[in-house]
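K.L.:
Throw the hints in and build the complete structure from the sequences for me.
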Amino acid sequence: MDSLSKNIYHNLEKILTHIPNTSTLIKREFLINKKTKAMIIYISGLTNRQDIERHILTPLISITEDIETLPNPIEHIIQNYISIPEVKTIDNFDNITMEIYRGKSLIIIDKINKAILCETSNVPHRSIQESNVEKTLRGGRECFVENLEINLALLQNKIKSTKLRIENYVLGSENKADAALIYMDGIIDPIILNNIKVKLAKLKDIPYVLCTGYIEQLIEDAPLCFFPHAKNTEKPDKVVSDLLQGKAAILISGAPYALIVPALFIEFFQGFEDYSQRILTSTFVRLTRILSALVVLVATPMYLTVLNYNSELIPVKLMKIIYDSRLGIPFPPFIEILIMELSVELLREGGLRLPTPIGQTLGIVGGIVIGDAAVRAGLVSPTTLVVVATTVIASFLIPNYEMALSIRFIRFPMLILAQLFGFLGVIVGFYLLIVILINSESFGVPYFAPFAPLKIPDMKDAIIRFPLKDLQRKPDILTIKKGKK
Amino acid sequence: MKRKLLPFIVLLLLTLMLNSCYSMEPLENLSVMIGIGYDYEENKDKRISDPIELIVFKGDREIKRFVSQGKAETIYNTVNDRQTIMSKKFLVGTEKVYLISKRRAEYGIEDLLDVLIRDNNRSELAYVTVTDGPVDEFFSLEPIDYNTSSEAIEGILKFCSLANFFPKDVNIFELLSMYNQTGRRIILPFIKNDNGIPKISGICVFDKAKLKYIIPLDEAFYINMLRSRKSNGYISVLKENNNKLCYTVKATNFVDVNVDYEDKLIYNINVTLKCVLKADSINNKPLSAKEAKEIEKALEEKVKAELTKTIDDVQNKYKVDCFDITKYAAAKFGKHSPLLSDEEFQRAKINVDVKVKIVDLGRSIK
Amino acid sequence: MKKTNHIITQNQYIFLLVSAVIGIGIISAPNSLCQTAEQSGWIAIMLGGIYPLVISYCAYLNYKYFGNMYFFELNKKLYGKIGAYLVFFFFFCTILFYEASIIAGFTNLLNSSISSFLPVYLIIFILTFVTVFTAYFGLQTVGRLAEIIFYSSSILFLFPLLTFSKGNIVNILPVISSYHKIIESIPSSFYAYADIELAFFIMPFVLQKNDFKKAGIKASTIIIVIYTFLVFTSIYILGYEVASKIYFTLIYLMEVAEIPIITDFKAIFIFLWSGVVFKAIACNHFVVSYTFSKLTKLTYKKSCLIVSPFILGVAIAMIPAHGRTQILDKIVPYIVPITILYSIITAIMVLIKGRRKL
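Residue numbers (the numbering used here), protein chains in the order written: chain A, 1135 to 1619; chain B, 124 to 489; chain G, 3 to 360.
Think of the hints as simulated: they come from the structure by calculation, not from any bench.
One thing to keep in mind: the hints can contain errors.
[To be verified] Computed footprint of chain G on chain B; a stretch qualifies when at least three of its residues, placed anywhere within it, have a C-beta under 8 Å from a C-beta of chain G:
| id | segment |
| --- | --- |
| 1 | 246 to 260 |
| 2 | 299 to 308 |
| 3 | 451 to 461 |
We treat Cβ as the ideally placed atom computed from N, Cα and C, and that holds for glycine.
P.N.:
Written out as structure tokens, the structure reads:
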């Protein structure tokens, strides 16, 4: 306990041991009633100077009574002079660093061993913009910013329910990031909630937590699993819809994302606008997404198997084309496909971070080099190019970026398995994936639900989307029944 | 300790697996066979001769073909012979057609029938036919609209059911069924070389695995009508032997067979022909239902007469069941019944009843 | 470390039974039945369905009178400690034998169709690895797997209909070849239903038993219907003469299907069917590991790993198909009556002791 003393300079020294004395740290000394020394400490740039001037300095300087003789001087000052909406009295220096860096102003007064903490923060932040990553055709355009309070405000404004609960956390022992756990009391299953809370509590001892991605990996059960076990989203709308289905969201300041837990496998294939679109079209879109995931996983391994081991499966007419295109290619099929797949990954990863004009150039040049020149040079057969290009296009259909990455990654082990064992390798790879999916859990919820364990009511919103009135309820799987055995 | 061992085990397994080099070759090192032939040469040491038609790829969409002969004592010994000249690995399972020469069929194809059951790589959907003359002669014919003559012959066999009431899809599956199922016998199309173009000229009737009769197409027309189901054929009734005055219909046959036994087998065959009227130069005017009935009647009379004559011929001249009807007797009297013999077939009374239904009179109606 | 979770639902119980029985045997069932029962093979397999019905009913009786008592404790109560060990040893050997025979059978199938280039020992190794990997996570995973694969692969059972038009009703007629032949072939149909013994072991793990009697009957009925349907279709399309000549009858049936894009439909069929076989092996492996862990008092996970080399060995020994059928023909006629006898005696004992308890 680092409590305040009655000497104002003593207190200042103590504060300076917590906060480095840089030029941004403003220590303004003034007198109350022309005799009592007082000081306001804040960080310029994080605070609103007008507020400090109008609501703190001006009233305090104009005090004309002798506060030293009052029994409760601090309360008196707060009640009578300071017109800042949010004010707190402190008597020790715990968390003082955090509070000042949050943009609060500290008022210390000589001969009083308490201090006043005023909410004057004006942390610079981005204005609310349209998301670049998650484009929606229908639904709200706004997305989260880096400021936690604005993010919370966005959510509170959308759920005007008595059940909404927001719990504040401070994560990371060094960076002390503000975070919030948001859930709907009475809708979320208490076991799931408890599970999340226990895991979040452990994060206090981690040195630093910067982004929701850190939280995700630190709290999930199986970080080595192929698939993401929690959803990240930029859209407040999506968070709201998930909260109402009995999930929890975690927000952290500095990250324009919300982390939604628990998440099921099938959710990564569902788009937000599926619910705004018509039933048949959105069902069709979902089917194409699942098909595309299958294509990404299976197309190249199957193609490789057929080229390498089971050529008799190709009809003669198709064989004529493939055979013809393979003539004169110097590489064995595996190497050929691997080269193509890798170069596509290079192009994709390269284009990802480039500014748009350069990225486009890269795309065009890469497309020409890989698509045309490689074929003309006789390094790659045109049929291989078609197959690989199809898988690349298919991989863009998966709405969630992390899931798309995972599935894109898995096709390499699948390709190797196909090279090792042919058809059997593809079968085994696929089967092992399903076993892994069945066996994983996201915060106590079976990850592969509603398929395994089978929940017939939840199937209404898995691959096929039923009418909305059947869906506006909490999925069965998010209620955990305690096994009584 | 466990964790340290794990990478070693994984490495060990990987090397083991990667080491097992399978003798598989990528597609471009395979020779794609498209047709397989079975021939027999008398008065030679190595009597079995199996020519195979292969596709040869020259690149740039240029596709040629090559007929590879193999001569040996047995079917698979021909591989010994053939592989001495082959520059690529064989790929079984892509064959489209099996050609059996007449000489070979007369000699018997028991070995081939067993091979087809036992060898699981072969294609069950390849068509089978018997050729007049040596098989390699047919393989070396210049195809008109395909790259290989096997594909051309396959096309002929595939679409033969559009006329002459040939049954659909006479492939290896059907061959094995015909051979093995009780009360059936192998009947295959017969192809001859018509001035450089393969042409179906009849059907071959086998006894067990040996070719017994070749029935020319004219006679086979009505045999086909009885043994096939839902096939097509064109039937005409001429008036006053004038080729310009006729009824012509495109008929689809539906056959229903009942069997009875009264001292001898009695087969009642009901043939229903659903017809589309294609020509009627006798009436030569828009038709009404009444005239349609007349046409039906005329057709019924003609077909019935022809069928009765054919049945008579078959029972007395060929003396074996070419109509594929003994299986109905087997279904009624048990698969091991003594009534399934050829003698019983010759004794049997076969009644045929023909019903013609004109479902479409064409555009010219009243 | 996560604790092995064995709890399953009643629905999963049904599909575990179904998936344990329907594996590789069904592919060659028409073949073995047609050899003796001729065109009435499908009647024989339908009558053989009495076997799963009896066993699942016995499992129900165990539950009715002794509740969720583990099978080992139940045996201890009925036959004493040594008796229980004997019973478990018998089931351990039987199921291990069945499991190895499924692995060997599937290896043969793969080796003769899509994986002819792979060495046999490698296929067996892969299959065993996959099995152990599945069963290692406990019955819950196997149960969920059985459920999802059954639903997603139930369409497979309808695939023979693709070739239905090539069949002919005369292949089935006359309906009864001879009563003597049908009865003679019923025992060989019992082998098709082997593995239904799983019911005894997994019964206590079912979480909520709403209508347990019905669940057993439901599972048996599904199995019988699928078997009868497939044998019937095979005979209808191929005729018993061809069916009794080709060992993997169902695969031959698939080869005949004409599907665009791919010349050989059997590859697709095997590709999809392998899920069904994998889960059948996994069910067996669960029982083998479970009995082994009871016999040796090791943990389930450890015994799951320890028994795998045994299975590998037995499976390799059973690889030539003709050798395997020979072994099966010799051993199965003993195993099946013993199992039935044991089940009935247990059921009677349970009835007597259970009544006294009530």
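K.L.:
Closer than 8 Å Cβ to Cβ for three or more residues is the test here. Does the segment 451 to 461 of chain B pass it with chain G?
P.N.:
Result for this restraint: holds, n = 7.
K.L.:
Are three or more residues of the segment 246 to 260 of chain B within 8 Å, CB to CB, of chain G?
P.N.:
holds (count 3)
K.L.:
Taking 8 Å as the C-beta cutoff, is the stated coverage of the segment 299 to 308 of chain B by chain G satisfied by three or more residues?
P.N.:
Our answer is that it holds, as 6 residues pass the Cβ test (under 8 Å) against chain G, meeting three.
Of the numbered hints stated above, none is contradicted by the structure.
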